[in-house]
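So the protein lines, in turn, are chains A and B. Residues 1 to 672 (the working numbering) are what the first sequence spells out, left to right. Residues 1 to 426 (the working numbering) are what the second sequence spells out, left to right.
Some hints could be false.
Listed below are the simulated DSSO-like cross-link pairs for lysine-lysine, each with C-alpha atoms no more than 30 Å apart in a straight line [said to hold, decoys possible]: (1) B:K287 to A:K632; (2) A:K632 to B:K211; (3) A:K99 to A:K85; (4) A:K219 to A:K79; (5) A:K219 to A:K194; (6) B:K150 to B:K2.
Derived list of chain A stretches under chain B, where covered just means 3 residues or more per stretch with a C-beta under 8 Å from a C-beta of chain B [stated by the list, open to error]: (7) 240–250; (8) 286–298; (9) 335–343; (10) 352–358; (11) 624–638; (12) 655–661.
Bear in mind the hints are in silico, worked out from the structure with no lab data behind them. Just so you know, even glycine gets a beta-carbon here, dropped at the ideal spot from N, CA and C.
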Amino acid sequence: MMLDYLSSLSLYVFLSFIFAIVFGVTMKPRDTGIAGIISILFIPISDVFLVFSICTIILSGIKYSLSYFGYSWNEQYAKGRDDRKESIRLIVEGFEQKKSDMRRSILIFTRSTLAVVGILLVITVSMLAVFAEDIAVEHPTRDLQDTEDVWRIDYEPRAAEPGSDECRQREQRVSLTELRRYDTNMTPAVSADKIDPDTKSFYTDPVDVFIIIKIVDTKGYNNSNGLTFSEHITIFTDENGTDFLLVSEELFDIRQITTVYVTYEFDNSEMEVWWMPESHNICILGTNFEGHDLFSKILYGARISLKIGITVAFMTVTLGTIIGSISGYYGGRVDEFIMRLTDVFFAVPGLILAMAFVAVLTAIPRLALPMEFAVLIPLIFLIFQFQSKIDELTSGEVKAQSNEDNSLSQLLNVVGLMSFILGIVYLFWSLWPQIPFENSLEGATNDDINMRTLLICSTFILGAIGILSVTMKRRGVNPKSALNGLLNSFSFNNPVSYLTMRTALSALAIFILIKSLFTIEPDWIIIRDFDRLWKIQVALIFTGWPGYARLIRGQVLYIREMNFVEAAKSVGASSSRIMFRHILPNAWAPLLVAFTLDIGGTILSAAGLSFIGLGAEMHSAEWGRMVSDGRKWFLNEWWLVTFPGLAIAFTTLGFNLLGDGLRDVVDPRNRR
Amino acid sequence: MKLHEFIARRVILLIPVMIGVSILTFSLLSLVPGDAAASACGDKCGVIVDIGWYEVENETTGELEIVDVPISAVESNRMRMGTEENIVEKYMKYIGVDGPYLGNEYLILQSNNELKPVHEVGDLIERTGLVDGYWGDSTLFHRPVAEVVKDVAPVTLEMSFLALAIAYPLGISLGILSAVWQDQIFDQLSRLMAIAFVSLPIFWLAILFQKLFATKIGICDDLFGTSGGCFPIFGRHDPSLAFPSTGYVNYYPSEGTGFHLIDSWFVSSETLDGLGSDYDTRWELFKDTLMHLMLPCLTLGIASAGGLLRYMRASLLEVLREDYVRTARAKGLSGSRVILVHACRNALVPIVTLLGFSIGGAIGGAVLTETIFAFTGMGRVAIEAIQYDDQIVVMGITLITSIIFLLANLIVDISYAIVDPRVRLE
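Let the hints inform the model, and build the full structure from the sequences given.
Here's what the structure looks like:
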């Protein structure tokens with residue numbers, strides 16, 4: 001039951017877990033226990049309290065048992081007051097330092113006019129994207145930024161020129177046959193069909209008609225059977241103010257005329273843009289052949305483009321940084337392999353490689369990792385975290401103890417290595433289809449899957465212990481003293497010192513691990529709705545990382561040789577600590593520039609891929625797709641192509657100018 | 001290091017990269033989910049392509065009898081591909097080191113418009129793998145991928161080369177002017193222009209050029225009084241020229257290298273006679289091709305020129321700070337001579353090494369311009385192949401672009417080493 005429950009962990013439950021731990025650490029054990037017992041009463045209200053009470057009760061138990069051994073938690077906590085103050089002071093000081101750095105950077109940045117123009121462009125586009133709903137006059141049915149948005153279908157589509165009168169006009173079909181059937185000679189003037197976002201059904205609104213422009217029959221003539229239509233259809237306003245189209249008796253009696261089309265000018269106020277002068281304030285960028293307002297579509301397109309640009313750039317930076325830092329730091333064969341890999345990616349022009357990836361991805365309906373891999377990622381992360389923690393703790397230890405033959409450590413070595421090897425063998429078994437091993441999940445029950453993940457997990461946890469013990473042995477520390485050090489190092493009297501990225505990431509990794517361990521899914525779904533827009537994003541991520549990997553590798557190689565890294569090494573800092581605390585913080589500057597420039601480049605490539613029909617779907621608000629949709633009519637309807645293209649150009653230009661400005665800021669020559 | 005040693009080293013260094021690219025395309029192909037045998041025959045899976053047989057014992061007589069069974073295309077594919085191979089063996093077959101690759105074998109289009117399975121055509125032994133020039137069969141075009149690639153690659157290359165021929169003079173000359181008038185108004189403008197060139201979407205620029213230069217309402221009519229624009233908008237040549245086609249690519253008859261600019265010069269006189277009265281001389285044919293290439297190349301060239309301008313400016317500014325430039329100035333040489341002869345020659349060296357990379361960029365950009373100007377090049381064929389799930393064509397095009405790109409870089413590096421012996425020392 002507990003396992004089932006944990007599998008449905010949500011964010012709130014996770015937060016209550018954190019809250020319970022904070023509460024349990026800071027309060028007296030008795031209070032903690034009482035709080036836990038009281039919160040049991042609230043379990044019927046929300047599941048959140050279940051987690052809270054379990055955690056607090058367990059914590060109070062631990063505290064009591066610790067105090068039994070003579071370790072008073074709360075005394076320790078009271079002692080740590082000064083430490084806490086110091087930590088908070090350090091954080092505040094860090095902020096102050098960052099503030100002054102920022103001020104200087106802004107000074108350098110604003111020296112260049114182009115950079116300021118760039119940042120203004122970027123801010124404008126971002127604001128337009130954020131407030132698209134408020135600025136746009138027409139909206140997609142679903143307020144989604146992806147391809148699923150459905151734009152209004154206008155049944156008398158036309159491409160109206162920017163600011164033209166046609167936008168104020170509507171051609172309404174009046175079926176005289178229908179009027180005769182209901183024996184009424186007037187029909188309300190209504191808007192075109194609109195889609196109700198809630199019910200997803202069509203509805204119409206009454207409109208205020210100003211003047212009838214023209215009336216034609218199905219063949220396009222304005223007179224028939226001796227009647228001129230304009231004399232026989234008039235506007236009629238009833239006492240409620242609703243406008244009707246009134247058909248005269250003569251026209252009503254001529255049975256041969258079945259349908260007429262009435263074009264009238266109406267009060268199209270909901271399409272008016274408030275900040276434009278009168279008579280220019282309607283469809284300011286024109287409409288396309290589907291009757292969509294181009295201005296609104298471009299605004300919503302900003303969301304799509306920015307989302308793609310930032311997502312892809314962020315993911316490529318992350319991927320490239322990880323791979324590049326591994327390559328630069330470890331050097332040797334790893335470096336050689338990774339650099340040859342980047343050579344391969346560089347040997348194919350970017351757009352062509354992205355197309356090749358898209359070609360493969362078109363056949364994949366959803367993006368998912370097999371559970372075996374998904375479990376591995378947080379596990380390996382945690383193992384490394386744990387190892388570096390041990391490394392840190394034991395760095396000052398004297399090597400004298402290493403000669404002691406410790407049976408426990410030997411046992412741990414053997415068990416750990418065995419299970420690690422077992423884990424790897426298992427992994428190969430499950431991935432290599434030729435080896436007869438049950439890797440098919442068809443017909444597998446939940447228990448099977450749970451067993452499978454538990455098996456993997458336990459082997460790898462044992463493996464982790466093995467690695468740790470090997471590390472300890474190499475460092476000449478026996479497990480007992482390491483355990484002691486570990487216990488002492490968790491100073492709960494100063495929770496502020498745990499306010500680091502590392503703790504957050506570890507907690508996240510544990511959360512993901514728990515969530516994925518008790519799920520019944522065979523895969524860990526990364527992107528469930530893997531539509532074409534996602535496909536080009538994934539393709540661009542896969543093609544973009546080698547550039548960053550090389551950049552970071554160069555930086556790491558350069559910084560690795562500096563004195564402060566040497567100093568950190570001599571103190572005995574672990575490699576991950578050196579990497580994350582000393583090397584990467586000094587390598588971010590060119591990365592930031594490349595990141596900014598890459599957002600622009602990505603927007604451009606994504607628009608290009610959409611343009612050639614590999615990205616966004618037809619009629620969606622993606623800029624590249626809009627250019628491609630309007631291309632057929634570019635000879636006469638120039639606005640269909642011009643405005644979306646300008647939007648792409650300005651956004652890219654903004655990011656490029658911003659990147660150039662940032663380059664000046666982070667240039668060491670300017671930092672003095 | 002001697003020059004030939006340098007060349008040998010560079011060529012040997014290419015091999016791992018080539019192998020890497022083939023692994024990349026192979027693993028991408030293997031990633032495609034679904035039944036490879038079924039996808040290889042597309043909509044023709046039910047076609048009976050073979051008769052198989054097996055022996056059964058006759059119950060009454062006790063003799064062995066042979067029973068015929070029809071084998072459909074998908075079954076045939078399944079038998080050929082095998083399911084027991086592991087991934088390494090499959091890769092070896094893909095590159096042609098170890099036996100024939102039967103991954104995407106397909107019914108081949110015969111000259112009499114009949115579809116026949118590959119093994120009946122009989123050239124199976126010759127087609128073994130990438131190294132032997134067998135890159136799989138296209139299910140969309142009903143032809144081997146290598147042939148498709150051979151047809152479409154020159155189209156893209158011709159466009160890319162000409163685009164660079166526009167981009168380089170433009171970028172370099174603007175870069176020189178920009179560096180000479182550093183921080184003056186021209187410099188500011190041209191730097192802004194360079195960033196703008198890089199930021200403009202190529203496809204949009206192409207469409208605007210079509211509108212501006214090539215239509216009746218464009219600026220050409222106002223400037224030159226012509227009707228119908230300066231340049232043609234679509235295709236590689238005048239549609240009235242009837243060339244034999246294979247469904248997606250038009251050839252200059254028989255003597256085609258695929259590069260129309262070259263082909264039009266060497267076209268035979270009989271062919272010229274058959275082309276109609278508008279094209280009496282080779283020059284007119286050449287001019288027609290060039291005019292059709294003009295707009296796409298201008299678009300591509302402008303997109304590449306932005307980057308070149310910035311590189312040239314930075315490189316020249318660097319060189320102008322050198323001592324020998326100051327010496328030259330001190331000796332009383334004229335400003336233009338110092339810049340053009342002393343500084344530019346040295347500043348140009350890093351720009352020329354960029355040529356290899358520029359070709360890659362231009363080929364990538366050509367994907368977009370081909371779509372707009374209706375050139376059946378690699379990009380357009382790749383897009384079509386993606387839309388019809390014919391991944392092996394896309395991989396073939398990926399391979400050929402990487403080969404072109406690597407070769408271009410190799411040539412540039414070697415010529416650089418010939419010009420500047422210092423490079424060889426490292």
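Hints, verified against the model:
Simply put, K287 of chain B and K632 of chain A have alpha-carbon atoms about 28 Å apart, close enough for the 30 Å limit, and the pair holds. For the proposed pair K632 of chain A and K211 of chain B, the alpha carbon gap of about 12 Å is at most 30 Å, so the pair holds. Under the criterion of a C-alpha separation no larger than 30 Å, the hint pairing K99 of chain A with K85 of chain A is consistent with the structure, at around 21 Å. Using a Cα cut-off of 30 Å, the hinted pair K219 of chain A and K79 of chain A is violated, with the two alpha carbons roughly 93 Å apart.
A C-alpha spacing of about 27 Å is found between K219 of chain A and K194 of chain A, which places the hinted pair at or below 30 Å, so the restraint holds. Between K150 of chain B and K2 of chain B the CA atoms are separated by roughly 35 Å; this puts the pair beyond 30 Å, and the hint is violated. Only residues whose C-beta sits within less than 8 Å of a C-beta in chain B count toward coverage, and the segment 240–250 of chain A has 0 of them, not enough to reach three; the restraint is violated. With 0 residues having a Cβ less than 8 Å from any Cβ of chain B, the segment 286–298 of chain A misses the three-residue criterion, and the hint is violated.
Evaluation of the coverage hint for the segment 335–343 of chain A: fulfilled, as 3 residues show C-beta separations to chain B shorter than 8 Å, against a requirement of three. Here's how the segment 352–358 of chain A fares: 6 of its residues keep a CB closer than 8 Å to some CB of chain B, so the rule of at least three is met and the hint holds. Coverage of the segment 624–638 of chain A by chain B holds in this model, with 7 residues showing a Cβ closer than 8 Å to a Cβ of that chain against a need of three. Given a C-beta distance limit of less than 8 Å, the hint that chain B covers the segment 655–661 of chain A holds, as 3 residues qualify and 3 suffice.
In this structure, the earlier hints numbered 4, 6, 7, 8 are contradicted, and the remaining ones agree with it.
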